[in-house]
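With the sequences and hints as input, model every part of the structure.
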Amino acid sequence: MNEISFNPTFLMGEISLIALIVILTLVEAFQRPIFAFFGTTDTRELDARNRQASRLASIGLMFVAVNYYIFGRATAGEEIILLHNSLKAGGGMYIGKLALMGAGILTVLMSSRYTLSQQIPAMDYYLLLCFSLLGALTLIAAENFLMIFLSLEMMSIPIYALVGLKRLSPRSGESAIKYLLLGGFSSGFLLLGISFLYGTTGSLVVSDVIGRLTFSTMDAASFLSGLGLIFVFIGLAFKVSMVPFHAWTPDVYEGAGTPITAFMSVAVKLAAFAVILKIFAGMDSFGEFDSVIGVIFMFFSLITVIYGNSVALVQKNVKRMLAYSSIAHAGYMGLALAPMAHKIQTVQAVLFYGIGYIAMNMLAFGVLVYLTHKDHYCETLDDLKGIARKAPGAAAMMTIAMFSLAGLPPAVGFVGKVQIFIQLLEGKMYVTAVIALLFSLVALYFYINVIVVMYMREPEKEIKEIGKQSLLPVWLSLALSVLVVILLGLIPSPLLQWSLKWAEVLF
Amino acid sequence: MENSLILFIVLLPLVGAILNGTVAATNAFRKKEIWGEKIAGIIAFTAVGISFLLSLYAVFVKMSGLEYISCTPYEWISIGELKVSVTFLIDHLSAVMLLVVTGVSSVIHFYSIGYIHGDESSVRYFSYLNLFVFAMLLLILGDSMPVMFVGWEGVGLCSYLLIGFWYKDDEKAAAGKKAFIVNRIGDFGFLLGMFLIFANVGTLTISGVNEFFHANNSMTFFWTNVAGICLFIGATGKSAQIPLYVWLPDAMAGPTPVSALIHAATMVTAGVYMVARFHGLFLAAPIAMNVVLWVGAITALFSASIALYQNDIKKVLAYSTVSQLGFMFMAAGAGAFVIAIFHLMTHAFFKACLFLGSGSVIHAMGGEQDIRYMGGLKQFMPATFITFLLATIAIAGFPPLAGFFSKDEILWNVFASEHGSKIVWFIGAVAALFTAFYMFRLVYLTFYGNFRGTREQEHHLHESPKTMTVPLMILAALSVVGGWIGIPKLLSFGAIPNFFHDFVGPAVEKFGHVHIAHYSHAVEYSLMALSVAIAFAGWYIARSMFRDLKHKLPDPDKYTGLPRLLWNKYFIDEIYIKYIVDPIKSLSTNVFLNISDKKLIDGAANGSASGWNKVAGIFSKFQTGNIQAYGFYMIFGAAIAVLFVLFVF
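If you read the sequences in order, they're chains H and C. Residue numbering for the first sequence follows the numbering used here, starting at 1 and increasing by one per position. Residue numbering for the second sequence follows the numbering used here, starting at 1001 and increasing by one per position.
Note that these hints are calculated values from the structure, not bench results. Some hints here could point you the wrong way.
[To be verified] Which stretches of chain H does chain C cover? Using the computed rule of at least three CB atoms under 8 Å from a CB of chain C, they are: (1) 288-297; (2) 402-410; (3) 417-426; (4) 429-436; (5) 451-459; (6) 487-496.
[As the list claims (entries may be wrong)] Mimicking DSBU-like on lysine-lysine, the simulated pairs with C-alpha atoms at most 30 Å apart in a straight line are: (7) H:K390 with C:K1032; (8) C:K1558 with C:K1578; (9) C:K1177 with H:K316; (10) C:K1177 with H:K385; (11) H:K316 with C:K1585; (12) C:K1585 with C:K1569; (13) H:K390 with C:K1038; (14) C:K1578 with H:K385; (15) C:K1083 with C:K1062.
[Said to hold, decoys possible] Computed spacing ranges between beta-carbons, pair by pair: (16) C:T1220 with H:P459: 52 to 60 Å; (17) C:Y1540 with H:P459: 50 to 58 Å; (18) H:P459 with C:I1185: 29 to 37 Å; (19) H:L438 with C:D1119: 34 to 42 Å; (20) C:P1243 with H:E460: 17 to 25 Å; (21) C:P1497 with H:I344: 44 to 52 Å; (22) C:D1119 with H:A479: 56 to 64 Å; (23) C:G1118 with H:H376: 29 to 37 Å; (24) C:F1632 with H:L471: 44 to 52 Å; (25) C:P1506 with H:P459: 52 to 60 Å.
The structure displayed is predicted, hence computed values, not measured ones. Built from N, CA and C at the ideal position, the CB exists for glycine as well.
Dropping the structure here:
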């Protein structure tokens, strides 16, 4: 592995994303003065400007994704570490970046309808989204703790703002403040953990820190490093919303705009999990401390699965239900680490699950966005009643999404769950596996309930015609996600290979 | 790819489902339909019909002389040790199922064209029906447990969609949901069994699993039996055995052809098929075999006794199905897998015929299902009557109709097999008596005597159209002759070969053979005579009680004692609701909702919502839905994590 301070070909994706951010900023900042310069005023409505912004952002992001693909393929042959031990690039890293870009693109596609129907100024929105995406992209490549912290904040801070962007809704503001304060709290844990680790090992580079940690002699220093690891775990567990660091999740998911909720639930989760894997699932074992880390992952993941699935049972609001479902999914992903096997298959399983989860959750939220328009806010189960007659296509998509989330074959969620359970079985954690299995059957109830409501209930109020604003991008995002969910469920081997490639480059 | 013919058999129904499904979805948008029920019905029927013809070709031409044929389109999952390829396998066991499923499905698809006529969502109906056949074929032909599980889940989903098909009726949607939830409990067993097997055997292909348990079973006796029982729990869910049978009677809320196809002839027999498929495992697990035997026997008697007092024509048939499935499990539990599959096949013929016949009756009665308001229908609908009567004679066990051979052999095997038991034989004999009685009660109350319905109903009575009566005749003919392929050698003095046994036997006796105790021919003959006598007794009692019904049938609400217990189905539903459903409901609403979830605004505004106050204890203070509380959880979690660390030091 080479250590090069800077090589632009390895960072073309990030560079083009920054370029996009600059372009978006310039357009937003200068279109008024330019209009003024030519003696006219910008008389266009918010709608028209939003449409323009959506077009720019979605085409721009697709271009960035193409860049990631081209340069990622070109540099897949070697792995290098850039910018003085800050970022790793090359190898299979582009898989993870493309997955996150995919989440970003799907979000932007569905946002074009949402910003219109909810009268949100779209350009601000897309700028913040791109910043957050950039944070997520550097987070998964971060090679030292400082970069991890910086990227995590770069990913989170725009999201605090995005959550609060629905200015007319009091819930939106409230949840933004909640998320901000608790997020600050969790960052505190993360920083404390990092400083402990730095104190005991004298390094910030992840691989060095892990290599230098010794737990063979149980002294004060190794106690401190143990605490450091635990605090880092807590800071990251907050981002992936594991119980009991989850409390913000339902409120924020419910309060935020639906596309933002979707983005948070998949991209933030996957990026944070990539870091968790990098730190905890690497090939170097923690010696005697392995059992503690394993127990911690088992305990917190298991209560996350139990809690998330049980509470989701009684939700009336679909976004809130999906929030608890997202908590439960974090639990399943965490469970794979419980055996502390330090195998590449563990990492592969979690990454596979995370990428599959992007597609299925985006699908579920995408249907909600599709059904939401100016006068009809589609959020609760009541809003979905009898929707199958008005929008049979959307109902079918939602059915597929629910199947996949529930882990039923042949959707991608099934293959993901199978891998997690294999990790548990190979680690001989049978009781844990049985409990997790039991609660995934409990989960079936609330996922299938959505299908029941859509297909087998009479609508309470007259369902209005589905609005025609910006339907094409939403359909595009739904079609993309549904294809991924079904195809990768039927033929999972490509994704298995991709996630293996990504897993190889993580350490 | 070798034998890609099999692929066509499996995929044709899927193509039909996709075509009709897409059209059903787009029809909702358009003013003019792309195609209506007629073309949808023809597409669905053609897809399954061709699939049936191809199956015949595959089984009798391609497979002749071979042990099996298989086809592997691709490898589905390959993770570490787990390798699952999508393999479709036709061996002598799945061949029988394949022919029964595609054959009966074709007939019922044809019947549906007449039955569903005029329904606004018939295109969707045919799409579901085809999808069901596809899933069922996956279940039957899949050569590994995960593929089987895909089919297992798929048939469950279709059954559930079809039970709730007329979802305008809340009761029907509720029945669908009940079927779904009860089946999940069964699936839990199936998955657990799969886990156990994978963790110990390391492969999930069916032949690999059977081979393992037959040849070098390194699992302990205890865990082998646990694995068998887990799989059997899965079977009780799908095949409606005690204690998970409760969904099947409610499932009769669906359209009648669906009851005939899914809830009588095919899907509900999947559990029996699964037990036969894993006979290598079950033969290595004697305790599990005993559980299968006893659960089957008790279910057979229990539900037959409920059927004695039911007045809803479809409910009688539903409980009868549960009871007959119990017979099949009795056979499987006694180790007579061939006979279990034989009864599965004959049962598919006569029960499908009975259900379709009841559909024809309900059609003529304008939706009335209560036999107290029927009577004398034989002069109005002779074709339905004759076919219904033939199927009844078959199920009651009169020779030489199909039911006699299979049921008699079940009882004989339970009596004589080393895995069987004389007590179980007795239970089975009583259940057979009940069967003959309730079936003839049904026939006499429906078709004999005077018409007891309203004048308007009488005015509308008519024979059903040809699309409905032709399938009835086909199935009735099969009910008569279907058993002749499995005539025991003893009865024909060896003159006629027992085709069925010779065909299926090698497939299910590959991994061990169950020893049959040696009795003299006299014992066997007298047991056979007793079977016939039982059938006659049941018929005679029913005839003397219901042939010329002079008085009105008593009001069920006035029953006392045993009849009251039977009429109310032993109050099992009520017991389940009171002791299982209600506690879970109150747990989730009172505990989960309250300790976990605060609504955004009211939670933050007043710190405690009304429902919340009910939960006593100190935790209420932390559940104010505000940030301090959420921060506290994090500290609490951190404290737990630090505690774990402290344990090491």
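(request) Of all the hints given earlier, name the ones this structure violates by number, lowest first. (result) Violated: hints 20, 21, 22.
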